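Engineer: Generate coordinates for the entire structure from the input sequences, incorporating the hints supplied.
2 protein chains.
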Amino acid sequence: MGSLSKCSRPMELFPSLRPTFPRHCSGLCSRQAQAGSEAGTGPRIKRQLKVLTQDRGFGCSNPIYGQTLNPLNLKKTPGGSSGGEGALLAEGGSILGMGTDTGGSIRIPASFCGVCGLRTTGSRLSSSGVTSAVKGKKSVTTAAGPMARDVESLALCLRALLSEDMHRLDPTVPPLPFREEVYSGKRPLRIGYYESDGFTQPSPSMARAVRLTSRLLQDAGHQVIPFSVPRVDYAFIHLFTGGLYADGGATLLEKLKWDIVDPSMKGLVSLLRLPDPLKCFWAWILKYIDPRTSQNLEEIRGVGTPKKLWEQHTAVEEYQQEFIAKWSSLDLDVLLVPALDPAFYIGYPALAASSFSYFSLFNVLNFSAGVVPVTTVTLEDEEELAFYRGYYGDNFQEAVRGSVGLPVGVQCVALPWEEELCLRLMKEVETLVKNQREPK
Amino acid sequence: MGSLSKCSRPMELFPSLRPTFPRHCSGLCSRQAQAGSEAGTGPRIKRQLKVLTQDRGFGCSNPIYGQTLNPLNLKKTPGGSSGGEGALLAEGGSILGMGTDTGGSIRIPASFCGVCGLRTTGSRLSSSGVTSAVKGKKSVTTAAGPMARDVESLALCLRALLSEDMHRLDPTVPPLPFREEVYSGKRPLRIGYYESDGFTQPSPSMARAVRLTSRLLQDAGHQVIPFSVPRVDYAFIHLFTGGLYADGGATLLEKLKWDIVDPSMKGLVSLLRLPDPLKCFWAWILKYIDPRTSQNLEEIRGVGTPKKLWEQHTAVEEYQQEFIAKWSSLDLDVLLVPALDPAFYIGYPALAASSFSYFSLFNVLNFSAGVVPVTTVTLEDEEELAFYRGYYGDNFQEAVRGSVGLPVGVQCVALPWEEELCLRLMKEVETLVKNQREPK
Numbered sequence: 001m002g003s004l005s006k007c008s009r010p011m012e013l014f015p016s017l018r019p020t021f022p023r024h025c026s027g028l029c030s031r032q033a034q035a036g037s038e039a040g041t042g043p044r045i046k047r048q049l050k051v052l053t054q055d056r057g058f059g060c061s062n063p064i065y066g067q068t069l070n071p072l073n074l075k076k077t078p079g080g081s082s083g084g085e086g087a088l089l090a091e092g093g094s095i096l097g098m099g100t101d102t103g104g105s106i107r108i109p110a111s112f113c114g115v116c117g118l119r120t121t122g123s124r125l126s127s128s129g130v131t132s133a134v135k136g137k138k139s140v141t142t143a144a145g146p147m148a149r150d151v152e153s154l155a156l157c158l159r160a161l162l163s164e165d166m167h168r169l170d171p172t173v174p175p176l177p178f179r180e181e182v183y184s185g186k187r188p189l190r191i192g193y194y195e196s197d198g199f200t201q202p203s204p205s206m207a208r209a210v211r212l213t214s215r216l217l218q219d220a221g222h223q224v225i226p227f228s229v230p231r232v233d234y235a236f237i238h239l240f241t242g243g244l245y246a247d248g249g250a251t252l253l254e255k256l257k258w259d260i261v262d263p264s265m266k267g268l269v270s271l272l273r274l275p276d277p278l279k280c281f282w283a284w285i286l287k288y289i290d291p292r293t294s295q296n297l298e299e300i301r302g303v304g305t306p307k308k309l310w311e312q313h314t315a316v317e318e319y320q321q322e323f324i325a326k327w328s329s330l331d332l333d334v335l336l337v338p339a340l341d342p343a344f345y346i347g348y349p350a351l352a353a354s355s356f357s358y359f360s361l362f363n364v365l366n367f368s369a370g371v372v373p374v375t376t377v378t379l380e381d382e383e384e385l386a387f388y389r390g391y392y393g394d395n396f397q398e399a400v401r402g403s404v405g406l407p408v409g410v411q412c413v414a415l416p417w418e419e420e421l422c423l424r425l426m427k428e429v430e431t432l433v434k435n436q437r438e439p440k
Numbered sequence: 001m002g003s004l005s006k007c008s009r010p011m012e013l014f015p016s017l018r019p020t021f022p023r024h025c026s027g028l029c030s031r032q033a034q035a036g037s038e039a040g041t042g043p044r045i046k047r048q049l050k051v052l053t054q055d056r057g058f059g060c061s062n063p064i065y066g067q068t069l070n071p072l073n074l075k076k077t078p079g080g081s082s083g084g085e086g087a088l089l090a091e092g093g094s095i096l097g098m099g100t101d102t103g104g105s106i107r108i109p110a111s112f113c114g115v116c117g118l119r120t121t122g123s124r125l126s127s128s129g130v131t132s133a134v135k136g137k138k139s140v141t142t143a144a145g146p147m148a149r150d151v152e153s154l155a156l157c158l159r160a161l162l163s164e165d166m167h168r169l170d171p172t173v174p175p176l177p178f179r180e181e182v183y184s185g186k187r188p189l190r191i192g193y194y195e196s197d198g199f200t201q202p203s204p205s206m207a208r209a210v211r212l213t214s215r216l217l218q219d220a221g222h223q224v225i226p227f228s229v230p231r232v233d234y235a236f237i238h239l240f241t242g243g244l245y246a247d248g249g250a251t252l253l254e255k256l257k258w259d260i261v262d263p264s265m266k267g268l269v270s271l272l273r274l275p276d277p278l279k280c281f282w283a284w285i286l287k288y289i290d291p292r293t294s295q296n297l298e299e300i301r302g303v304g305t306p307k308k309l310w311e312q313h314t315a316v317e318e319y320q321q322e323f324i325a326k327w328s329s330l331d332l333d334v335l336l337v338p339a340l341d342p343a344f345y346i347g348y349p350a351l352a353a354s355s356f357s358y359f360s361l362f363n364v365l366n367f368s369a370g371v372v373p374v375t376t377v378t379l380e381d382e383e384e385l386a387f388y389r390g391y392y393g394d395n396f397q398e399a400v401r402g403s404v405g406l407p408v409g410v411q412c413v414a415l416p417w418e419e420e421l422c423l424r425l426m427k428e429v430e431t432l433v434k435n436q437r438e439p440k
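From first to last, the protein sequence lines are chains A and B.
The numbers in the UniProt record's numbering rise by one with no breaks, and the one at position 11 of the first sequence is 11.
The numbers in the UniProt record's numbering rise by one with no breaks, and the one at position 49 of the second sequence is 49.
Treat the hints loosely; a few may be bogus.
Heads up, the list lumps identical chains together, so a pair's fine if it works in one copy or across two of them.
Stated by the list, open to error - Below are the DSS-like pairs computed for lysine-lysine, each with C-alpha atoms no more than 25 Å apart in a straight line:
1. Lys257 with Lys135
2. Lys279 with Lys255
3. Lys186 with Lys257
4. Lys135 with Lys326
5. Lys326 with Lys279
6. Lys255 with Lys75
7. Lys326 with Lys287
8. Lys266 with Lys287
9. Lys135 with Lys308
10. Lys255 with Lys287
11. Lys255 with Lys326
12. Lys287 with Lys186
Keep in mind the hints are simulated off the structure, nothing from the lab.
It should be emphasised that the depicted structure is a prediction, and the values quoted were computed from it without experimental measurement.
Structural biologist: Here it is in C-alpha cells:
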C-alpha cells in the first residue's frame with residue numbers, strides 16, 4: 001500500500017482547486033450514498049469516496065498529494081482520474097468505489113489496475129451535488145459509475161442504487177429500476193466487435209484481448225460480427241476534444257489562475273494559455289507535418305460563439321443517431337471493443353492522450369460501457385510491440401513497454417439505458433475467461 | 001372551419017423557413033408515429049401532423065398560410081405554436097395531435113382553444129428527427145406531447161407510445177413504460193398551488209379557475225398547500241429568455257436571412273437585428289423607466305461566449321435543484337397553477353410575451369405539465385378585468401377583453417418523468433369539474 005500512502009488526508013488546502021478533485025465525492029455522497037444507505041450499501045460507498053478525492057485527469061497526480069502509483073508496478077500510473085480507487089481495489093484495500101467518467105475516468109483506472117468499472121448512461125445515476133472544475137458542458141456527457149473487483153459487485157451496487165429511492169431523492173433521474181431479467185438473460189447475443197477503432201493503433205495485448213474474448217463468446221454460442229466506427233477522427237477530434245474545450249479552456253484556466261498547476265497538467269495549461277493567434281499559427285505550421293496535432297490545436301481554440309456551441313450540440317446528436325443507425329442495421333445487442341492496456345509509465349498519459357479514443361467515443365455517444373480484465377501481457381505481446389508504429393502520431397509504444405504480467409481488459413458496450421445488458425456481457429466475459437486456461 | 005381553410009397545403013415554398021414550421025411533423029412521424037403505429041394509433045397521429053405545419057411562436061401565423069383564427073371567436077388567436085391542432089380539436093376536426101413545447105407551444109393553444117395538452121419531460125418521448133429553426137439549445141428543454149379533447153385521450157396516446165418499441169426505435173429514450181398504477185392511483189395527493197406566479201398578474205378568470213379547482217380538490221379529500229415560485233424574475237428573464245437567446249438570436253436571424261418575416265415576428269426580428277451597442281444603450285435608457293424590458297433587452301443580447309453558456313447551463317441545473325428542494329420540503333406530489341386565459345386578440349401575443357411565464361417556467365425546470373379546461377369567462381371576470389393593472393409592464397388586459405364564454409383552464413404540474421401523476425391530477429380535475437355545476 002506504499003503507493004497509496006498519501007491518499008487519506010482531507011482536501012482543504014487550495015479552495016480554487018477543490019472543485020476539480022472531489023467531484024467524485026460530494027455528489028455521490030449526497031444522493032447515491034443516501035439511496036445506497038437506504039438499501040444497506042451506504043457506509044461501504046461512503047468509505048471509498050474519501051479516497052477518490054486525490055485523482056485527476058487521465059493520469060493520477062495532483063500538486064497536493066503528488067503522484068499515485070500503480071500497485072502492480074510502481075513505475076506505472078494507476079490511470080485516472082479515479083486511479084486512487086483503481087489502485088485500492090487492485091490491492092484489495094476496497095471492495096466498491098464510485099467514480100465519474102467524462103473521457104474514461106472510471107474505465108482507464110479499471111484497465112490499468114485490472115479491475116472492473118462501469119460508466120453508466122448520463123442521468124441513469126444521480127449527479128446531484130457532484131462538483132467539477134468545468135461545469136455545464138453538454139457536448140460530452142459525464143456520468144457516474146461503480147468500480148469493483150468483479151462484475152457481480154458492480155451489479156450489486158446498481159441493484160441497490162437503481163431504486164425508487166434514487167428517483168425520490170433526485171427526481172431528475174428516471175424511475176428505472178435495475179432490470180434483473182436483462183442482466184440474467186440467457187438468449188444468445190449479437191455482438192459487434194473491433195480490434196482497432198481506426199484512430200489509435202491498439203497495442204498487441206489490446207488486440208489480442210479482443211480476439212481472445214470474441215472467440216470465447218463465439219464458442220459459447222453468441223454471434224460475433226465485425227463493426228467499424230463511423231467517422232472516428234471526426235468523433236474524437238471534433239466532437240470529443242472540441243466538446244471538452246468548446247470554451248477554449250477558459251473555464252479551466254480561470255480555476256487555475258494564481259494556483260499551483262500539477263506537472264502532469266503543465267503542458268496542456270501552457271498550450272491553453274497561448275494567445276489565440278499563436279495557436280492558430282502553430283496549427284497552420286503543423287498542418288502538413290503533424291495533421292492530428294494541428295487539428296487538436298484547432299479544436300482547443302474553442303468554438304468561438306454560443307451559436308457555434310449550439311451547432312456542436314446538434315452535431316453530437318446527429319453523430320449519435322448515425323452510430324445508432326449503423327448499430328441497428330447490424331441488429332446488434334452489444335459491442336466488444338478494446339480497453340486501453342497495459343498501464344502507462346508515469347508521465348506518459350499526457351503524452352499519449354489520443355489513445356483514449358477507445359473510451360471517449362462512448363462519452364460522445366452517451367452509451368453504457370464497462371471494462372473487465374481478461375488476460376495479462378505476455379512475452380509475445382511485448383516482442384510484437386517492437387513493430388508497433390501507430391497510425392498517425394498515436395504512438396504510445398514507449399508508454400506501455402515493460403509490462404509483462406500486467407492486466408489487460410476489454411470494453412463491453414451497450415446502448416443508452418442498457419446498463420444491465422452491458423453488465424450481462426461483462427459477466428459472461430468474466431466467467432468465460434475464468435473457465436478458460438489462457439495461453440502462456 | 002373557415003378559420004382553418006389555409007391549413008392543409010404542403011409546405012415546400014421557402015426552404016429556409018421550412019425547418020421552423022414542420023418541427024412537429026417529421027420527428028413525431030419518424031419515431032412516435034412508428035411506435036404508435038405498432039400500437040395501432042399511427043394513422044390517426046400521422047393525419048393530424050400535417051395540419052400542425054403552419055404554426056409558429058406564441059401566436060399562430062406565418063407568411064405562407066397567414067393567420068389561423070380561433071374557431072371559438074374569430075377575432076382571437078388559437079395560440080401557438082401548435083394552434084392549428086388546438087383549433088382543429090376545438091372544432092371536433094381532430095381527436096388527437098402531437099406538438100412540441102419550448103415555452104408553452106402545446107399548453108398555450110390548449111388553453112386558448114379549451115382542450116387538453118401535455119408537455120412531457122424532455123427525453124420521455126423521442127425527438128429523433130424533430131427539426132427546428134434553432135437547434136442545440138440546452139438551457140431550455142423542448143419536449144413533445146399530445147393534445148386532445150379529454151385527458152383519457154392523452155393517457156391513451158402515452159400508453160401506446162411509452163412502450164419497449166419507443167426505446168427500440170430510439171435508444172436515447174429510457175425504457176420507461178406507462179405506469180398504469182400511478183395514473184389510476186387513488187391515494188389522496190398533497191397539491192401545491194398558486195394563483196399568481198409573482199411575475200405576471202393573472203387575469204381574473206385565471207385566478208378564479210385555480211381557486212375553483214383547488215376547492216374542488218380539497219372537497220374531494222386532497223390536501224391543498226400554498227406554494228410560491230422561488231426567484232421567478234430570475235427564472236423567467238435570466239434563465240428562460242436568456243436561454244432562448246443565448247446566441248443573441250444569431251441562429252434565428254441566419255435562418256431568416258433573405259426571407260419573408262411574418263408580421264407577428266417583425267418586432268422581435270428588428271430588435272434582434274439592432275447593433276449590439278444600440279441594444280445596450282436602449283437597455284440602459286429603459287433601466288429606470290421599464291426595468292423588465294431593459295432586462296429582457298440585456299438577455300436577448302446573448303451570453304457572449306461558450307464559457308458563459310456553460311455557466312448558464314449550470315445556473316439552470318442549480319435552479320432546478322432549488323425548486324425541487326422547495327417542492328420536497330413541502331412534501332408535494334403535484335402542483336396546480338394557472339394556465340394563460342382567455343384567448344388573446346390576434347396580434348397581441350407578441351405584445352404580451354411576458355405573460356407566458358406561467359408556462360415557460362416548466363420548460364426551464366423540465367417538469368411535466370398539462371392544461372385541462374375547467375371553466376369559461378364570466379361577466380364578473382370581464383368586469384373585474386377593468387381593475388387589472390399588471391405588476392410591472394405585464395399588462396395584458398387589452399389582449400383578453402371581450403371573452404365572455406371563452407374557455408379557461410388550469411395547469412397541472414408534476415416532477416420530471418411523472419407524466420402519469422400529472423395525467424392523474426388532470427383526470428381528477430376534469431372529472432370534478434364535470435360533476436360540479438359551475439356558478440353562472
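Engineer: Evaluate each hint against the coordinates.
Structural biologist: So, going through the hints one by one against the coordinates:
Proximity of Lys257 to Lys135 under the C-alpha cut-off of 25 Å is restricted to the intra-copy arrangement: shortest distance 17 Å within a copy versus 34 Å between copies. In the homo-oligomer, the alpha carbons of Lys279 and Lys255 lie at most 25 Å apart inside one protomer (21 Å), although the nearest pairing across protomers, at 32 Å, exceeds that limit. Taking CA atoms no more than 25 Å apart as the test, Lys186 paired with Lys257 passes in neither setting, with 54 Å inside one copy and 57 Å between copies. Within a single copy, Lys135 and Lys326 get their C-alpha atoms only as close as 32 Å, which misses the 25 Å cut-off; across copies the closest is 23 Å, which meets it.
Proximity of Lys326 to Lys279 under the C-alpha cut-off of 25 Å is found in neither arrangement, the shortest distances being 36 Å within a copy and 47 Å between copies. Taking identical chains as interchangeable, the C-alpha atoms of Lys255 and Lys75 are never at most 25 Å apart, the minima being 30 Å within one chain and 56 Å between chains. In this assembly of identical chains, Lys326 and Lys287 lie within 25 Å of each other by CA distance neither inside one copy nor across copies; the values are 31 Å within and 54 Å between. Taking CA atoms no more than 25 Å apart as the test, Lys266 paired with Lys287 passes inside one copy only; the shortest distance there is 24 Å, against 45 Å between copies.
Within a single copy, Lys135 and Lys308 get their C-alpha atoms as close as 18 Å, and across copies as close as 11 Å, so both meet the 25 Å cut-off. Taking the shortest alpha-carbon separations for Lys255 and Lys287, neither the intra-copy value of 31 Å nor the inter-copy value of 33 Å comes in at or below 25 Å. Proximity of Lys255 to Lys326 under the C-alpha cut-off of 25 Å is found in neither arrangement, the shortest distances being 40 Å within a copy and 31 Å between copies. Taking the shortest Cα distances, Lys287 and Lys186 never come within 25 Å of each other, neither inside one copy (51 Å) nor across copies (67 Å).
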